[in-house]
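Colleague: Each protein sequence line maps, in turn, to chains A and B. The UniProt record's numbering puts the last residue of the first sequence at 137; the count rises by one with no breaks. The UniProt record's numbering puts the last residue of the second sequence at 396; the count rises by one with no breaks.
Take the hints with a grain of salt, since some may be wrong.
[Said to hold, decoys possible] A partial selection of chain A residues facing chain B, derived with a Cβ cut-off under 8 Å:
hint: 1; residue: G5
hint: 2; residue: K8
hint: 3; residue: V11
hint: 4; residue: Q13
hint: 5; residue: I77
Hints in this document: simulated from the structure, not taken from any laboratory. C-beta atoms are modelled at their ideal positions from N, C-alpha and C, and glycine is treated no differently.
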Amino acid sequence: MVVQGIRKATVGQNGVGAFILQCKRLDFHYCDWAGSSKGMNSFLRNSLTKFAALNPQVEITVSPRPRRHPVIKGTYINGREKAICVRNLTKEQVLQKAELLRDANGEKLKKVTKPVKSINESVRGVWSPYHDGGIHV
Amino acid sequence: MKRLRLERWSGQLFTARSTPASIRPCCLRQQQAALPPRIRFSSSAAALSDDLILEDGEELEEEFSSSSSDTKYPSPPLEAAFNSSKLAALHARLNLSQKLPLHTMARTLVDPSADSNADFNNAALSNLGGSIMSYHVSEWLLCTYPRLPMTVLFAAAYAYSGPKTLQMVGKEWGVETAAAPGGEVDPGYLQFSKLKPGQGLQTQVGSIRPDSKSYYRRGMSSRVVYDDEFGDTVPKQAENDLPLPTEHAYASFVKAVVGSVYLHSGSAAAKTFVTNHILSRYLQIASLFQFREPVRELSRLCAREGFEYPVARIVSETGRRSRHPVFVVGIFSGADKLGEGAGPSLGEARTRACVHALKAWYLYSPGSNVRVPSEMEVAGAKEWEPVHIDIGEVIH
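Work out the full structure, taking the sequences as your base and the hints as a guide.
Modeller: Here it is as structure tokens:
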């Protein structure tokens, strides 16, 4: 055995081949009494069924959170959580926030400065001083 | 070729629980398979006994009549699969066909270490799915990189479908493990007995190889014949119901999903599933090589292929007498440059150049979308053109 194989693991590239939505679960918390939950309650009564039917890959739970502001919590495949307080928002605005959480990938927000991120090696290669004819002084 | 009637085989997955499983008559299983899948077995005994026809007059077990049957069984009951939002979300997330029912999906998540009853764990599905997955991975590797040495081929198969990768795949699907297996657990969790902290792994006892002594040399050719798809020995008796590491539980779950896709949706769907989830992952095969004697191996290669004897020549250099010299050495066979490498000494640069040349030889590929044998299963496929077959490694 002159050549030996080194054991490694492949790296997943979500979206190349299969795409897995990164939002696993959305928890909707509401309060029956407080006024800040008005829009949330209206969303739960009228729009949640449609939202859930359109997004079968997200597990949805609804639970009361008495005497607190309404909150939507997203749980992601990378293990992180994102919570958005939807106090005093209208039904449509709550839907927007739910869609924002659904589309997020769970990573911390960061500034994207380069348009392309790749794990492939550079095709061109790194510039080498030894292949350029050298510098003649 | 005659088509396989897979839906007939998948009927056996709809069995209701009854102990002991092994002595249950086959006719009873058929009756249950014909029931509508949404029936709840624990709702009432009367409704069930109307539907079930027992040919040998066997009495129904009390398990069916009790309403709190969840805790009696080591894994969740059939009806729990339809009430689990986690499981339905997982099914939708993987974009699986509606032909694959939720209770099969629930069964893929039950490891033999959680439920030893073969009718309710994923052992059979995982066995089936594992062979389908390794078939597609190996045919793709062999056709895309026909010159890979056997050791590297084993390593590449391990990288694509080994337990470490499959654990990552399972986690990337959003599957979590249950703290402990049981009938009351949500069927959307992966259930297996976990190893306790400090508990050692079970060492493998024996193998299916015919060697009479354990220290006998295990050559490459014999690994192809006797060992598994990664070149590891296959244990003689696999103990299924012992606690196992998380990565093995995840691996058998992912394999079981492939198996259930094959069983319910057919071989084309299973191939697409493997291509999308396993073969689409990123791997630099060039990084799997480890050469012991690259210079000797390259000279043997040139002799075998009838190339001129390889000669190392300095392409450029800098700082020979300094603290940080750099030499760029090229390997030439006649007028052809086979490879090039840079290093801090002439020997190092030559070795790197040889490794470069050997990798260029071994990683020959006819293209990434080369035809594979399984494409011939499609009706009306073009005639098969033989793929490139290499004569093998340079030095064994």
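Colleague: If a hint holds in the structure, say so; if it doesn't, say that too.
Modeller: Hint-by-hint comparison with the structure:
1. G5: holds (3 Å)
2. K8: holds (5 Å)
3. V11: holds (4 Å)
4. Q13: The hint holds - A/Q13 has a Cβ within 8 Å of chain B, the shortest such distance being about 5 Å.
5. I77: holds (5 Å)
Of the numbered hints listed earlier, not one is contradicted by the structure.
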